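Colleague: Chain by chain, the residues:
Protein chains: 2
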Amino acid sequence: MRTELTDRFGIDYPIFGFTPSEDVAAAISRAGGLGVLGCVRFNEAEELDAVLEWMHENTDGKPFGVDIVMPAKIPTEGSQVDLDSMIPPEHRAFVERTLDELGVPKLAGEERVNAGVLGWLHSVARSHVDVAMEHARKYGQIKLIANALGSPPADVIDVSHRNGVAVAALAGAKDHALHHVEAGVDIVIAQGYEGGGHTGEVTSMILWPELVDAVGDSTPVLAAGGVGSGRQMAAAIALGAQGVWMGTYWLTAAEYKLGAHGDGPSTIQQALLAATSRDTVRRRIYSGKPARLLKTKWTDAWDAPGAPEPLPMPLQNLLVAQAHARISQADDPGVVAMPAGQIVGRLNAITPVEELIAELVSEYNDAVARLGKTV
Amino acid sequence: MRTELTDRFGIDYPIFGFTPSEDVAAAISRAGGLGVLGCVRFNEAEELDAVLEWMHENTDGKPFGVDIVMPAKIPTEGSQVDLDSMIPPEHRAFVERTLDELGVPKLAGEERVNAGVLGWLHSVARSHVDVAMEHARKYGQIKLIANALGSPPADVIDVSHRNGVAVAALAGAKDHALHHVEAGVDIVIAQGYEGGGHTGEVTSMILWPELVDAVGDSTPVLAAGGVGSGRQMAAAIALGAQGVWMGTYWLTAAEYKLGAHGDGPSTIQQALLAATSRDTVRRRIYSGKPARLLKTKWTDAWDAPGAPEPLPMPLQNLLVAQAHARISQADDPGVVAMPAGQIVGRLNAITPVEELIAELVSEYNDAVARLGKTV
Numbered sequence: 034m035r036t037e038l039t040d041r042f043g044i045d046y047p048i049f050g051f052t053p054s055e056d057v058a059a060a061i062s063r064a065g066g067l068g069v070l071g072c073v074r075f076n077e078a079e080e081l082d083a084v085l086e087w088m089h090e091n092t093d094g095k096p097f098g099v100d101i102v103m104p105a106k107i108p109t110e111g112s113q114v115d116l117d118s119m120i121p122p123e124h125r126a127f128v129e130r131t132l133d134e135l136g137v138p139k140l141a142g143e144e145r146v147n148a149g150v151l152g153w154l155h156s157v158a159r160s161h162v163d164v165a166m167e168h169a170r171k172y173g174q175i176k177l178i179a180n181a182l183g184s185p186p187a188d189v190i191d192v193s194h195r196n197g198v199a200v201a202a203l204a205g206a207k208d209h210a211l212h213h214v215e216a217g218v219d220i221v222i223a224q225g226y227e228g229g230g231h232t233g234e235v236t237s238m239i240l241w242p243e244l245v246d247a248v249g250d251s252t253p254v255l256a257a258g259g260v261g262s263g264r265q266m267a268a269a270i271a272l273g274a275q276g277v278w279m280g281t282y283w284l285t286a287a288e289y290k291l292g293a294h295g296d297g298p299s300t301i302q303q304a305l306l307a308a309t310s311r312d313t314v315r316r317r318i319y320s321g322k323p324a325r326l327l328k329t330k331w332t333d334a335w336d337a338p339g340a341p342e343p344l345p346m347p348l349q350n351l352l353v354a355q356a357h358a359r360i361s362q363a364d365d366p367g368v369v370a371m372p373a374g375q376i377v378g379r380l381n382a383i384t385p386v387e388e389l390i391a392e393l394v395s396e397y398n399d400a401v402a403r404l405g406k407t408v
Numbered sequence: 034m035r036t037e038l039t040d041r042f043g044i045d046y047p048i049f050g051f052t053p054s055e056d057v058a059a060a061i062s063r064a065g066g067l068g069v070l071g072c073v074r075f076n077e078a079e080e081l082d083a084v085l086e087w088m089h090e091n092t093d094g095k096p097f098g099v100d101i102v103m104p105a106k107i108p109t110e111g112s113q114v115d116l117d118s119m120i121p122p123e124h125r126a127f128v129e130r131t132l133d134e135l136g137v138p139k140l141a142g143e144e145r146v147n148a149g150v151l152g153w154l155h156s157v158a159r160s161h162v163d164v165a166m167e168h169a170r171k172y173g174q175i176k177l178i179a180n181a182l183g184s185p186p187a188d189v190i191d192v193s194h195r196n197g198v199a200v201a202a203l204a205g206a207k208d209h210a211l212h213h214v215e216a217g218v219d220i221v222i223a224q225g226y227e228g229g230g231h232t233g234e235v236t237s238m239i240l241w242p243e244l245v246d247a248v249g250d251s252t253p254v255l256a257a258g259g260v261g262s263g264r265q266m267a268a269a270i271a272l273g274a275q276g277v278w279m280g281t282y283w284l285t286a287a288e289y290k291l292g293a294h295g296d297g298p299s300t301i302q303q304a305l306l307a308a309t310s311r312d313t314v315r316r317r318i319y320s321g322k323p324a325r326l327l328k329t330k331w332t333d334a335w336d337a338p339g340a341p342e343p344l345p346m347p348l349q350n351l352l353v354a355q356a357h358a359r360i361s362q363a364d365d366p367g368v369v370a371m372p373a374g375q376i377v378g379r380l381n382a383i384t385p386v387e388e389l390i391a392e393l394v395s396e397y398n399d400a401v402a403r404l405g406k407t408v
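Chains as they are written, first to last, in the numbering used here: chain A, 34 to 408; chain B, 34 to 408.
The following block holds chain A by itself, in its conformation from the complex (with noise of 0.2 Å):
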């Protein structure tokens, strides 16, 4: 498969797989895509440091990337007790009773749990930054940084660009796209309403080729949201993406290794196999910004009467970390808080990253064939 992002970052496919794992980004890689490995559960720059020492040495001098939230506007900083005093006591009597009532395990020692928050700040994401252009210099492999929210700031561009790297940012809308164009990004990342994570309201039927006419005479775009199979990725070239950028679909990858596991799939796993095309919702009790659920007692919790209205980010993500992190230690599929595309139906089996991509590629290839014998 041949696209002008395929020649730009030499790789087989034009497949940008978006994931939290270290394990599944280098998979991703291996197998011919480019993996992105998700920064934002690393506190520490040490801890990015040595994962992203572990991708060098695990992907065969193949390119990756990285993806480091830098919200759009730098986000009230201060200390974990400032932003604390911020968040409403209804709030936390809330999460602290819903948990409760959903059976989920207090964590041992009832430590305090940052996971999940201090990424989205400002200095963190700057030390990630930092951490990934050493690399990028160290090693050369890589070759692409993305960020979800917004356009990133402009030293963030200059110093990628510098070192070799690619800046990609996420749209929802036309006027996003415009925004990141201007602000020097190289990538579009188109990302519809049936995403996992955040999204706009327009779904990707309508924004890929929306963005594409908007932006891509200058700026190559990848389509997110809802890309799950070769049709789904035949769809997007002929809407017009030079690619497509996936997340929700490596959930369910064998290399798949966070959260609670007991025998077998992991529980987020199971809860995901689970699912259907129905089963997720669009909330903004995940991180104060609307974005796509896995539908669960957790969220149904949020949508019951009574439930308070979200806060806005980054207080909300303060507010669920502690949640998150007992959820996630839990042992529940009915009780899960992860970030799903509406393709969470089409995921039916573990799966090795290898196979994942060899099934894209080859019904990729079967849906063009269709295609040619219609005209």
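Heads up, some of the hints might be wrong.
Which copy? The list can't say, so a pair holds if one copy fits it or any two copies do.
As a list, the in silico DSBU-like pairs of lysine-lysine whose alpha-carbon atoms are at most 30 Å apart [unchecked claim]:
| # | residue 1 | residue 2 |
| --- | --- | --- |
| 1 | K171 | K290 |
| 2 | K406 | K207 |
| 3 | K330 | K207 |
| 4 | K207 | K328 |
| 5 | K171 | K406 |
| 6 | K207 | K139 |
| 7 | K290 | K328 |
| 8 | K322 | K171 |
| 9 | K139 | K330 |
| 10 | K328 | K139 |
Just so you know, these hints were derived from the structure itself, not from any lab.
This one's a predicted model, so the numbers in the text were calculated from it and none came from an experiment.
Got chain A; can you put chain B on it based on the hints?
Modeller: Structure of chain B alone, referenced to chain A:
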């Protein structure tokens, strides 16, 4: 262009064009697609009969279809007065107050308006079926009957088949599609979240291949919701559909004459030309079931604090029937009540149907050629 459905219907392109306008429907059939006349606006069988006669005279013998709204469950029938008594007075007061605040003139003589209501009722829908079947027997041009709400009743399917008329039904979820096929429906129309009018939560990118996988071996699937260009048509075929079902696309056709007119485009067309892909909302206010509408001051009023919850179907239809009549006789593009899909963002000119179809086909061919070059 050729798919199973072009062969079956003897049409040049697998483009099924749904429209309440006989002028547009006839033009679609003349141009090589299959025009499908929406019948809900006809309160009397005689009106429909006359329009079908006109269609016969203006389609050069080409096939066309009818869309008759037959709710899956037979709704509560009764006189206007019976149903009227089920509408809470606060709802009536809200509608009246809102229209006055929005400056929508009252109707001359304050006559009772049933427009758009009776067509939803069982007995009226059945009289539409009878008229359509009579025309199918007489001229042999009516080749399709479609239903937007559930599976058509068994006897309607039977009489259609006896008259050589294929039966299509809209589905927004897999279980709906399976139910249709079990009921004997010949074509499933998979309508995604982004479509105009009644839609489910699952988007076209996800829904189309899901329904193709569920029923495609026995029953062709038409892709609906989000098709407004040849690239989107190519995406539909890539995803496994046998053709496309388009509604919103024809609303700015030059032949579309419904609604108030000043100079140039009609009031509704002015509103459509101005809208972007983000200017639709999915609400229960049009019919009692979730339907995607153009976002206007009218939909905003129902979203404002203090607005009542919409009533169930058919009470909501009845509640807003007079309002819709008032609005459509007024001449304010800022206050229209109009189903429209997210592709409304692509409607930027008044264009004759023949050109609209030529553009679809030409862009489709380009997209297929582009795909071919990637492998």
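Colleague: Kindly indicate which numbered hints from before are broken by the structure, ordering the numbers from low to high.
Modeller: As far as the earlier hints go, 5, 6, 8 are violated by this structure, in ascending order.
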